[in-house]
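Chemist: This is what each chain is made of:
2 protein chains.
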Amino acid sequence: MFLSADIIDIASPLILLNIADASALGVSDGDRIFITNPNTGKSATIPATVSETFVQYGTALLTSGANQFVGISSGDGVDILPAKRPSSLDFIRKKIDGGKLTRAETAVIVSDITKKVLSQAEVTSYITASYINGMDMDEVEYLTREMVASGDTITFSKKPVVDKHSIGGVPGNKITLLVVPIIASSGLLIPKTSSRAITGAGGTADLMEALAPVAFSASEVQQMTEKAGGVIVWGGATNIVPADDVMISCEYPLKINGRGKMLASIIAKKAAVGSDTCVIDIPVGPGTKIADETEGKVLAGQLVDLGKRMGIRVECAITFGGAPVGRHIGVNLEVAEALRILENKDGSGSLVQKSCEIAGIALEMTGKAAVGNGADAAMALIRNGKALSKMREIIEIQGGDPNVKADDLTFGPFIYDVLAPADGAVISVKNRALIDIARVAGSPNEHGAGLRLHKKPGETVRKGEAMLTIYAEKEWRLSEAIELCRNTHPVTVSGMLLSRIGAE
Amino acid sequence: MFLSADIIDIASPLILLNIADASALGVSDGDRIFITNPNTGKSATIPATVSETFVQYGTALLTSGANQFVGISSGDGVDILPAKRPSSLDFIRKKIDGGKLTRAETAVIVSDITKKVLSQAEVTSYITASYINGMDMDEVEYLTREMVASGDTITFSKKPVVDKHSIGGVPGNKITLLVVPIIASSGLLIPKTSSRAITGAGGTADLMEALAPVAFSASEVQQMTEKAGGVIVWGGATNIVPADDVMISCEYPLKINGRGKMLASIIAKKAAVGSDTCVIDIPVGPGTKIADETEGKVLAGQLVDLGKRMGIRVECAITFGGAPVGRHIGVNLEVAEALRILENKDGSGSLVQKSCEIAGIALEMTGKAAVGNGADAAMALIRNGKALSKMREIIEIQGGDPNVKADDLTFGPFIYDVLAPADGAVISVKNRALIDIARVAGSPNEHGAGLRLHKKPGETVRKGEAMLTIYAEKEWRLSEAIELCRNTHPVTVSGMLLSRIGAE
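Quick note, the sequences are listed as chains A and B, same order.
Positions 178 to 681 (my numbering) are the ones given, in order, by the first sequence.
Positions 178 to 681 (my numbering) are the ones given, in order, by the second sequence.
It should be emphasised that the hints constitute simulated quantities derived from the structure, not laboratory data.
Hints may be right or wrong, so weigh each one.
For chains that are exact copies, the list does not tell them apart, and a pair is met inside one copy or across any two.
To be verified - The calculated DSBU-like cross-link candidates involving lysine-lysine, where the alpha carbons are at most 35 Å apart (straight line), are: (1) 335 <-> 651; (2) 261 <-> 563; (3) 582 <-> 607; (4) 651 <-> 261; (5) 404 <-> 632; (6) 219 <-> 651; (7) 563 <-> 640; (8) 432 <-> 522; (9) 292 <-> 651; (10) 466 <-> 292; (11) 271 <-> 432; (12) 271 <-> 582.
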């Protein structure tokens, strides 16, 4: 059937048909349509949406998410045919029924995810089934290889190429903003792609965006890394492992993060950017994604195994994840905290320690520092100002202002201090509650929103002193964050009443 | 935020916002928006889609699927606010993680499904998780009760109220077109709601639509049943158990049909139409949904148990499902086959036998026939013409032509005979292949498409004689159906070579 095409700017890939055209084709809502651009021969298989009046008879309305595959202009003609049921649905069904997927079956699923042949609902079902039924290491390797093959890849002529990754779940874990300039200032390459916030209060890409643009193609990432030694970009813009972006958007609403998918997602991105040496930070403890050191070691073993299968030397560091890294959560608050360290205005605390430990492992793995001396070598690169200069070079090459200082970043303007209810010591903080408060306050969409934790576990506090300050850009968001803070008690002080029963 | 509203005629419930408005609200793609009609106060929580250019700044574009909850006219103003993450997502997550859902948790999930607070992807994840992890009978009862509560219900003052249901999977199972007029002509009430095809070649609602309109409200179903004794309508139009329609649309692409959800879906519809007596046909055998009699008995026990919990007397009949019921698959072909029996032009074969057995059980359960005499009593109602008159009364009350005859229904015009490759006896037929051939030929969307099975298992055939005739309304569909038939060999003849190895 030949229809006149109109394009609408909606990201989800859909073709909308008038009910009369759909009926003539024998197509119902959700069935797939094979679309061909008659001028170029480019084609795609896309789920159809049927409308009685919104789409005119004889017209096919393509969303821009669908048109990216065929490149039709409004008013052009388009050839459409009903498409057969994709076989990827049978393979997803096999996974639902507890089967093991072969490499070929995995290839079809990943390709149909990338080409948007599968709907969000179908991909979500695949993710749910893989999470519940699990995947063995062969299945994980197949998924990793097919995820790499789903998009652009980078090969560097110079070796080694370092990469780092932190398993999420710990608030304020902005160490990438320190690790990348340290590694790059040592003369190594580190083409770091990062994600935006999924369930956290801000991903590294959200943080870096406060300093410079983060959306680049794979070849731009390669060129910038070759020039500056490192970059910190948003992986979602690169077309590197694009299948992962679709899967992450499906994981987001239900906060699903299955082990096999997690392993594949991490290692595929390292393989796709041409990395051969990788340090992975595994925070453990209550409130993180990994309950304890035992589980952390299992995960580390799986990452090392998968790395070996993919030709990447992986070392993992199990770190303390029971409290935020540093004292700040939220885009500008975290960026300022990292910049202050690079500016040598703040040389102590968990953020600088952890960043130097992680960077130090990479320096040792690549022979840039003697074994046991990596963290000190990393610290020296901060102290001598090389890491700061390198960070400015990275900001500049990504198109940001290289003269930015920690003090330039603004917070608030709506601010609330959470006061200590009693004298005592801070016993614990609740990571999840802190993240949720920062999110409700507006992070990461609103750069000035977030919180500062004045008191961390082990520190003493006096009644009426501020334990926590919440920052928001909108007054109603501050109110909601305060309400959430009252309901969740993110900081526990030893002298505090935990509950009061029988009071009148 | 107050925006000007536009309405577009798309069934999926969405609100589309300009990226600038979304950003001012702090809302990303997929986050939920709380929409209020400022004139009436009606409100809804709907997932947002963000567009850079398709939606003008200051405008909210509501799909008709979203607007059904708030009733705004194009050009009116609409109040929007970011909504909190629905707690139903936490309960779905609990099910994903293997937890048991309470009645209260189930109520929130079913309500959010019905009100379209949850996206198709989120509902699909719930269905996938319930399928993989299973549900215990308490969870199934909670789901059943909440599904009933999700929509309109009917209460009849006259009792008993009969209902019937067939577990799907058997092609050509058009017995409802006979059972309903038989039961109604005996003086009982039978308000039958049916589905359209999910994975079959035609649901009962698709068949009935060849004779009369099938879309009615619950109160129309009640009034018509009180007048004519019975109806055969499309459940999807009634707002009876609307949550089920959403869930079925999510089950469709992956053909998921979990046991707990299947039980709830069947019994909820019986409870919602006020039925107290129900006969359930459970076809078993290769190619059906239920593998064998043992599994059929387990299912029967579960249906009887759930019926008891809901105050419905359930009896199940385990039937032979290894071959089609009757000889026809496809809308007009099946309807004509049923009408010929009512017209007393064809009194033998599996269709009339099975219909009378099933109707007979209901006649016995309600005292309309002595125990052991139900099937004969049912057959008598066909022989004396009462069932045909009743069917005409039902067709008329639903707005169809009561004078329709089997011979009025047309098939084709593109027709292909599949010839026997050798002399012999038909050993077996493949249900799934027959259904797929009928679907590819155009069924159920194209009423004249389908197939006639000339030879059923146990019947003899001569080489070159037609075993099967395929009918299609479009030539290209006939070609595809022929190709599928060649690849799937739906009929096995004893004299046929099954394979030929080593031939040159």
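Chemist: Evaluate each hint against the coordinates.
Modeler: Comparing the hints with the structure gives:
1. 335 <-> 651: Answer is neither: 48 Å inside a copy and 61 Å across each miss the 35 Å cutoff.
2. 261 <-> 563: neither (58 Å within a copy, 45 Å between copies)
3. 582 <-> 607: Close inside one copy (31 Å), not across copies (73 Å); limit 35 Å.
4. 651 <-> 261: For residue 651 and residue 261, only the inter-copy Cα distance (16 Å) is at most 35 Å; the intra-copy one is 50 Å.
5. 404 <-> 632: Neither, since 41 Å and 75 Å both go past 35 Å.
6. 219 <-> 651: Classified as between: cross-chain Cα gap 26 Å, same-chain 47 Å, threshold 35 Å.
7. 563 <-> 640: Neither, since 43 Å and 88 Å both go past 35 Å.
8. 432 <-> 522: neither (37 Å within a copy, 61 Å between copies)
9. 292 <-> 651: Close across copies (30 Å), not inside one copy (39 Å); limit 35 Å.
10. 466 <-> 292: both (31 Å within a copy, 32 Å between copies)
11. 271 <-> 432: Both. Shortest intra-copy (23 Å) and inter-copy (11 Å) distances satisfy the 35 Å Cα cut-off.
12. 271 <-> 582: neither (54 Å within a copy, 45 Å between copies)
Consistency note: the structure conflicts with the earlier hints numbered 1, 2, 5, 7, 8, 12.
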